[in-house]
Every structure is written in structure tokens, then in C-alpha cells.
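Per my numbering, numbering through the sequence shown is continuous, rising by one, with the last residue being 276.
By construction, these hints were calculated from the structure, which means they are not laboratory data.
Label-pair ranges, simulated between beta-carbon atoms: (1) C34 x V75: 46 to 52 angstroms; (2) S242 x E211: 20 to 26 angstroms; (3) N230 x P76: 41 to 47 angstroms.
Restricting the straight-line Cα-Cα distance to at most 25 angstroms, the calculated cross-link-like pairs of lysine-lysine (DSS-like) are: (4) K132 x K224; (5) K204 x K224; (6) K265 x K112; (7) K204 x K265; (8) K132 x K112; (9) K132 x K204; (10) K132 x K265.
C-beta: ideal position from N, C-alpha, C; glycine also.
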Amino acid sequence: MFNKDSVSGTLIVAFVVCLACAVVVASAAVVLKPIQEINDERNRQENILAAAGLLQEGVPLEEQFTRVQTRVVDLRTGRFTDAVDAASYDALRAAKTLSGEVSSSFDELAADDVAKIGRRENYAIVYLVEEQGALDKIILPIRGYGLWSTLHGFIALEADASTVAGIGFYQHAETPGLGGEVDNPDWKAIWHDKEVYSDGNLAIEVIKGAVDPNAPGAEHRVDGLSGATLTTRGVSHLVQFWLGENGFKPFLENLMRGEA
Numbered sequence: 017m018f019n020k021d022s023v024s025g026t027l028i029v030a031f032v033v034c035l036a037c038a039v040v041v042a043s044a045a046v047v048l049k050p051i052q053e054i055n056d057e058r059n060r061q062e063n064i065l066a067a068a069g070l071l072q073e074g075v076p077l078e079e080q081f082t083r084v085q086t087r088v089v090d091l092r093t094g095r096f097t098d099a100v101d102a103a104s105y106d107a108l109r110a111a112k113t114l115s116g117e118v119s120s121s122f123d124e125l126a127a128d129d130v131a132k133i134g135r136r137e138n139y140a141i142v143y144l145v146e147e148q149g150a151l152d153k154i155i156l157p158i159r160g161y162g163l164w165s166t167l168h169g170f171i172a173l174e175a176d177a178s179t180v181a182g183i184g185f186y187q188h189a190e191t192p193g194l195g196g197e198v199d200n201p202d203w204k205a206i207w208h209d210k211e212v213y214s215d216g217n218l219a220i221e222v223i224k225g226a227v228d229p230n231a232p233g234a235e236h237r238v239d240g241l242s243g244a245t246l247t248t249r250g251v252s253h254l255v256q257f258w259l260g261e262n263g264f265k266p267f268l269e270n271l272m273r274g275e276a
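Could you build the full structure based on these sequences and the hints that come with them?
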């Protein structure tokens, strides 16, 4: 006879309860997964448009995103490729894959890991916005370590591939009120119209303190975050990496020459 007050009875009841909870949780995960994937995709589209200053209130997101072309770039050649499917490709997973085809170590790149990302994926997803058949914006994924976390975001360039149209981070764990000010609209607005390159050389930099607008090179410098030296340095390094030789610079040069 089953005795729920015995040790074996208690264990059986606990097992049945755990099994029932596991079934409920697993079922919920399966049922909710499609909804989560739709929400993740909408969030991605929203962040891409917001980084470029193109997000419009009251206009369906799907309608706004029809202007955006999603393409895959081979970072080793700086050219478009069909080697991976843009719809299913996971750049972060690729970067963690120890394969010379999928990702590259910084020894292989003969570069310093200034953005502290560990490895660089060989393929990246980029977003091109057209206006009346002409290139209008180039939106690039960026990431790198700040003080407490890896910051994930997008930087948008104008059609000249050098002038910043906007920047935004959609994921990080920096200190609220300090490094967390990367989300402050006033700070993000400072990036607008900054120049990434000078005579073809990488020149963009986030400095400690405020930029003197009358100083030489001010067009390449962005105000640092007050009280957040390490986050400031991290943002500067991650932008420099992704817009440098081992990031998107070769692609941008090819794009401007019509050779991408």
C-alpha cells in the first residue's frame, strides 16, 4: 500500500511533481519559441533602424524594414558572399567556433584584440538602406567589452562610408548612470556627422572628457562618458576595431569603388 508519509512515498511524490513541472516548462518553451523568435526578429529590425535614425513611430515595422537590404560580407575579402544564409547565420556562434573557415583568431589576423571579443567571425551581416535606388545608409554590427560586459550594437554610416549617421547598443550590462549612459540619446546624438576616416586612415576616437569643437581633428572625436573611463575606452576600441582593417574597412572601401 502506498504511504505518502513514508520516505519512499515522499520521494515518489517529489518525483511526480518534478516530472509534471518539467513537462509544463518544456511544453511552454516549445509553444512560445515561435513567438520569441518573432519578437527577437522585430527587436533586431527596430535596433537596426534606430541606429540609423530611421525608426518612425506609428509606421509598421515590417513596412519600414522593406527599405533595408540584408547582405553577408566575407571579412577576409571585404566582399559580398553567398557562403552562408543571412536568415539563419549566427555571427556570435560562428565567432566561438574554432575553425579557420568559420572564424579567425587574432594571431591569424596578426592583430591585437582591442575589442576583447576573443575571436572574429569570418562572415558578417550588414544592412544597406536605399533611397530612390541609391545607397543611403550602411548599418554595421559592432561589439566589444566595456567595464562589466560585452556591448552589442550597430553603427550607421552615410552613403560616403565615413560619416556617422548614428549608433546604438541593444545589449550590455554597464553601470547605470555611468557606463550605462551609452543609451543616453544626448550622448548618441554627439556621434552624428562625426568622420570615421581621415585621408583613408582610421581616425574616429572616443576621448576622455569633452571635445573642443575648435580643436584640430574635432570632427573625428566623440565626448567620453563622465565617470566611466573603462566603458569609454571600450566603446572607442570596439568602434575602431570594427571599422578598421580587420573589421569592415576593406568592405567599405570595396563598396565605394563598386567592387563589393
